[in-house]
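Visitor: Each chain, written out:
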Amino acid sequence: GENVEQHPSTLSVQEGDSAVIKCTYSDSASNYFPWYKQELGKRPQLIIDIRSNVGEKKDQRIAVTLNKTAKHFSLHITETQPEDSAVYFCAASVYDYKLSFGAGTTVTVRA
Amino acid sequence: NAGVTQTPKFQVLKTGQSMTLQCAQDMNHNSMYWYRQDPGMGLRLIYYSASEGTTDKGEVPNGYNVSRLNKREFSLRLESAAPSQTSVYFCASSEGLAGHEQYFGPGTRLTVT
Numbered sequence: 001g002e003n004v005e006q007h008p009s010t011l012s013v014q015e016g017d018s019a020v021i022k023c024t025y026s027d028s029a030s031n032y033f034p035w036y037k038q039e040l041g042k043r044p045q046l047i048i049d050i051r052s053n054v055g056e057k058k059d060q061r062i063a064v065t066l067n068k069t070a071k072h073f074s075l076h077i078t079e080t081q082p083e084d085s086a087v088y089f090c091a092a093s094v095y096d097y098k099l100s101f102g103a104g105t106t107v108t109v110r111a
Numbered sequence: 001n002a003g004v005t006q007t008p009k010f011q012v013l014k015t016g017q018s019m020t021l022q023c024a025q026d027m028n029h030n031s032m033y034w035y036r037q038d039p040g041m042g043l044r045l046i047y048y049s050a051s052e053g054t055t056d057k058g059e060v061p062n063g064y065n066v067s068r069l070n071k072r073e074f075s076l077r078l079e080s081a082a083p084s085q086t087s088v089y090f091c092a093s094s095e096g097l098a099g100h101e102q103y104f105g106p107g108t109r110l111t112v113t
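Chains as they are written, first to last, in my numbering: chain A, 1 to 111; chain B, 1 to 113.
Just chain A, same shape as in the assembly:
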């Protein structure tokens, strides 16, 4: 099955700086790559996703890039704010229902 590795496991950034989280996947047939954000004590929520026919997607301060050849994708958060502090999960899936999640990255934005 699909194996998704996520790095780093923790990330501390100064408010206003950028944060980058990287994920690699094993199954070259994977074609859907969502990112979920989970605030402390809350449920995971989708923040952005990308499909394999697209190389980059942006939504305000967040962007995701995909490199199919290298089988990795990244989340970029610019101008970080305190409300960006959370755990972020990447995931990947092939043409079925099963999302495989990475282990998560705990992002802390320092004021």
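Cβ-Cβ distance ranges computed for the label pairs, FRET-style: (1) Arg44(B) <-> Thr108(A): 19 to 29 Å; (2) Pro82(A) <-> Gly40(B): 17 to 27 Å; (3) Thr10(A) <-> Arg109(B): 17 to 27 Å; (4) Arg110(A) <-> Thr54(B): 40 to 50 Å; (5) Thr111(B) <-> Leu46(A): 23 to 33 Å; (6) Glu73(B) <-> Leu40(A): 21 to 31 Å; (7) Gly3(B) <-> Leu40(A): 18 to 28 Å; (8) His7(A) <-> Val12(B): 32 to 42 Å; (9) Ala70(A) <-> Lys14(B): 44 to 54 Å; (10) Ala111(A) <-> Lys9(B): 26 to 36 Å; (11) Asn67(A) <-> Glu101(B): 17 to 27 Å; (12) Asp38(B) <-> Pro82(A): 24 to 34 Å; (13) Asp26(B) <-> Arg110(A): 32 to 42 Å; (14) Asn67(A) <-> Met41(B): 23 to 33 Å.
Capping the alpha-carbon separation at 25 Å, the derived lysine-lysine pairs in DSS-like fashion look like this: (15) Lys9(B) <-> Lys42(A); (16) Lys98(A) <-> Lys71(A); (17) Lys37(A) <-> Lys9(B); (18) Lys37(A) <-> Lys98(A); (19) Lys98(A) <-> Lys71(B); (20) Lys71(B) <-> Lys9(B); (21) Lys9(B) <-> Lys57(B); (22) Lys57(B) <-> Lys98(A); (23) Lys98(A) <-> Lys57(A); (24) Lys57(A) <-> Lys37(A); (25) Lys98(A) <-> Lys42(A); (26) Lys22(A) <-> Lys71(A).
Derived list of chain B stretches under chain A, where covered just means 3 residues or more per stretch with a C-beta under 8 Å from a C-beta of chain A: (27) 36 to 42; (28) 99 to 105.
These aren't lab readings, by the way, just hints derived from the structure by calculation. Using N, Cα and C, we set each Cβ at its ideal position, and we do this for glycine too.
The hints should help you fit chain B onto chain A, whose structure is shown.
Guide: Chain B in isolation, oriented as in the chain A frame:
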């Protein structure tokens, strides 16, 4: 719209006891899922239901059973709880096939002593 709801929010069981976690969604979604979340391990799929009347095993199905009661409801049963099943359990639903956003419930924190 309540979205995805789960009951109970918290539960403490003794080893060997059984219980059922309930999940319901009001978004008319076809697909539903049960995940467990453990520190440092992300979200792992236990079982899923592609559509009403079907269920399939996920990554970690041992020790669990599920029932897709109707299109809205998907329950997870622990027949004989073990300490290794101490975790936070999330139910989720999505509109259809792969590539659709999954909406998560608020979670159930289960402790097995």
